[in-house]
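Participant: Okay, here's what each chain looks like letter by letter:
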Amino acid sequence: MTKPNYLPQGSEVEIFNHAASNKLPVLIKGPTGCGKTHFVEHMAAQLGRPLYTIACHDDLTATDLVGRHLIGENGTYWQDGPLTKAVREGGICYLDEVVEARKDTTVVLHPLSDHRRILPIDRTGEIIEAHPDFMLVISYNPGYQNLMKGLKPSTRQRFVAMEFDYPVPEREVVVLIQETSLDKQTAQQLVALGNDLRRMQDYDLEEAASTRLLIYTALMIKSGLGAKEACMCCLAQPLSDESETIKAIEKLIDCHF
Amino acid sequence: MEEWVGEVWHKLITKRANTEYPDASVSLSAVASQLAPYFRALGGEHHKVIEPTSSLKINFKRSLIQRIAGTHQRTHLCWHDERSIRLPANIAVFPTAALNQQAYFWLAALSAELPKIQHWFVDNQQAILTLITKRPGLKRLYFTLVDAFIQTRPAIDELEGKQLAQEQAVRKALLNPGSVAELPYAEKDPYPILLWLYPTPLSSVSSVASDDDGLEENTAPNQAQKVKGVSKQGHRADDAKETDGLLMFMAESLFTWTEHMNLDRPQDEDLEQDLAGATEDLDFITVAKQRRSNSARLKFDLDLPAPYTDDLAIGDGIKLPEWDYKKGRLKPDFCLLQPMLADDTPPSPVPAELHRTARKLRNQFSILRPQQQWVHRQPFGSELDLDAYMHSVTDPNVHSQDQDLYINRSNTFRDLSCLLLADLSMSTDSHINADQRVIDVIRDSILLFAEALDSAGDPFAIYGFSSIKNKQVRFNLLKNFAEKYTDATRGRILGVKPGFYTRMGASIRQSTEVLCTQKTTQRILLIISDGKPNDIDHYEGRYGIEDTRQAVLAAKKRGIQPFCITIDEEANDYLPYLFGDQGYAVISDAESLPTLLPKLYLNLTSLS
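Same order as they appear, the protein sequences are chains L and W.
Residue numbers 13 to 269, in the numbering used here, belong to the letters of the first sequence in order.
Residue numbers 77 to 684, in the numbering used here, belong to the letters of the second sequence in order.
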């Protein structure tokens, strides 16, 4: 696997390395599309550990993480889930948007995230001790004000936690150029537009324009789509359904391109 | 005949003098909904609203024909204050509608960039320069507008002397922003510059006074005059002086319409006179800053409503503790909370003006009603549960009697209940605009919220609260969990009135008790408030905050999730301390509360 480009925003690389060498689990907080997953991919490549990414959804149960019995030619057999695999073989298990998963999933994480570092599998009666290279990383977005979802304090305080945010404009320009090899001038215009759009968050937009969206836009521009069209279809339309807000964003795009 | 001739002449000459393009006119109302997000995106302050401005009288040199026609004495210009940005109600200066519309967006952008004007001539140029260097598209827009705008200005060859020098400086500043440091002096003000912002006409007395001393050292003499000339339009009377009612009066001074008497008599207005007509003739209207100043500043115990007009008190009241932060402990049985029921309000349906919104909300929320879903591991059901079967075959601790091997369709319930606690304190009696008080907004919000939740099928209760010291915390029952939501409940909600003070802690404690009777997994306590906790005894400032915080913490400990929605713009200072960073929402535009509240509830409780 080629090592993905990553531009550090602060000391997150150092923190992650220390956590990894001390076998501590890591929690990453941050808004949508600010580079959480990308960072974990980068770190996995840098540490040379396999990465098991699990995108959590509201139907994800502990079984999906730990594993299940399947029917084979000779009756049933046990199939490890991604978490069990990482625990056995060593590797980074990354649970993206962990608050989306059902509550019972966090229970299996508890014995893994403290000094015991074990994974009991009640279906098979096995208790697996984690491989020295096993590392648990979870992420979530605290910005959603949802009372039904949230990480319990008892879960949260088992992790080394870091907070991510969108990069500062100068860095975001570099990220755009690195990821899409767009020319600097256009990248700067895009980032300026992105920052204007972020000011509309909570009032006119539910979520801010993420770095990911800006990269999509840059890719579309790079491959030859007109800048204004690219901004409309990659920034304006995905961010809002309100026609008046979209018109306002259109005017805003006109300010930059 | 004379009248007829006069009328024809007036029409003719006005038309002749007109420099605008009525056919291309764009109105503010048509673009306002786009301007607001645009303004915010460019860095404008979130709480500012966009409003049309009344015309300002500008002292500039009019052409002969304009003077004959008597037009162009007043002109629409853009200005803003702490609360709003004021844009012309119509722009018809440019020959095409597209340009006139662009002008609105330009002015919104400039307002976002230039929130405060210190030096009118320099600041405008500087802000424009920053705007157009940052955003190339805006630069194009600006120069298109400037080119068109200069066409509409009086021709250079019609001017002479100082006027000419001034006009040339203005043109240079427009074409090359940032290049002109001073506006040359002339007797009259320059021809209005629509593309610029003007200083707030309603600037305070002190700032007007300081204008006389010269603004800054590099200010041209005319600049001071200029600012003064504009700020004269409005004039905030200095009624801060506490001489209410005592007036030094000189018999020979005659007061005219436009003069303000510093006499605090809010009840004294004689509405029989044609005030509206008078207002139009006024050059400035004096606005008293301290509306209801006495009742707001003085603390006095209010008379309680007479028992026969008051709501029905239920029971002898409930004793509740209160947190004393100085002692660091709860004072047991310190508050007496009195549940009240408005038993005399007639049942009533949803008011006509809310009908549409209510119906829309009902439709939206009906999707939350229990839906059928597959349930696994059932002892009987319509299909086999393969997963369960596999489990029972492979489980080392297999129980032979474990026969839950089917899946079945069944109803699932949203396992949550919600209690809405509304602040009905005296402060809700204040107005948020010409025809709505805070209490009206709260009332509509509660009603629409109830409509939505009733449709969603989530169990809910609604209470209101206000207090007069610790011995009477009034806890108005609007709907409890058990009763059905009917017209009688609606009647009670529609009858809410502003009460007294805000002893929030006691009400939260009682709400916690009520919520704890609910057997659902999730219990939500939504609080609508319009300000800090306070009462007329020691319950204010830190004491009130600490008590409320303890009540909130206690509620959380008992598994209740409190969330506060407030229209108090300063709430960011204290609400994080009370409810946590993610435990509150500040609604800057109070009028939107009724529609936002159900939406917020949906966001807070949606599972997907």
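Since the hints were derived computationally from the structure, they do not count as laboratory data.
Here a beta-carbon is modelled for each residue, glycine too, at the ideal position from N, C-alpha and C.
Be a bit skeptical, because a hint or two may be false.
[What the hints assert, rightly or not] Among the chain L residues that face chain W by a calculated CB cut under 7 Å, a handful are:
id	residue
1	G79
2	H81
3	E85
4	T88
5	I130
6	Q169
7	R211
8	E219
9	C245
10	D253
11	E256
12	I258
13	K259
14	K263
15	C267
Participant: Does each hint fit the structure? Answer for all of them.
Facilitator: Quick rundown of the hints versus the structure:
With its C-beta approaching chain W no nearer than about 11 Å, G79 (chain L) sits outside the 7 Å limit, and its interface hint is violated. A least Cβ separation of about 4 Å between H81 (chain L) and chain W falls short of the 7 Å threshold, and the interface hint therefore holds. The interface hint given for E85 (chain L) is broken, as the beta carbon of that residue sits about 15 Å from the closest beta carbon of chain W, more than 7 Å. The beta carbon of T88 (chain L) is positioned within 7 Å of a beta carbon in chain W (closest approach about 5 Å), and the interface hint is therefore held.
A distance limit of 7 Å between C-beta atoms decides the matter here; for I130 (chain L) the minimum to chain W is near 18 Å, and the interface restraint is violated. Annotation: interface hint on Q169 (chain L) violated; nearest CB of chain W at approximately 16 Å, more than 7 Å. With a least beta-carbon distance of about 5 Å to chain W, the hint placing R211 (chain L) at the interface is held under the 7 Å criterion. Look at E219 (chain L): its Cβ only gets to about 12 Å from chain W, farther than 7 Å, so that hint breaks.
A cut of 7 Å between beta carbons decides the hint on C245 (chain L): the least distance to chain W is about 18 Å, and the hint is violated. This hint is violated: D253 (chain L) has a C-beta 13 Å from the nearest C-beta of chain W, more than the 7 Å allowed. Annotation: E256 (chain L) was flagged as interfacial toward chain W, and the flag holds, the nearest CB pair being 4 Å apart, inside 7 Å. Taken as an interface hint, I258 (chain L) does not check out: its beta carbon lies about 9 Å from the nearest beta carbon of chain W, beyond 7 Å.
Look at K259 (chain L): its Cβ gets to within about 5 Å of chain W, closer than 7 Å, so that hint holds up. Here the hint on K263 (chain L) is kept, as its CB sits about 5 Å from the closest CB of chain W, short of 7 Å. The beta carbon of C267 (chain L) is positioned within 7 Å of a beta carbon in chain W (closest approach about 4 Å), and the interface hint is therefore held.
In the structure shown, a violation is registered for the earlier hints numbered 1, 3, 5, 6, 8, 9, 10 and 12, in ascending order.
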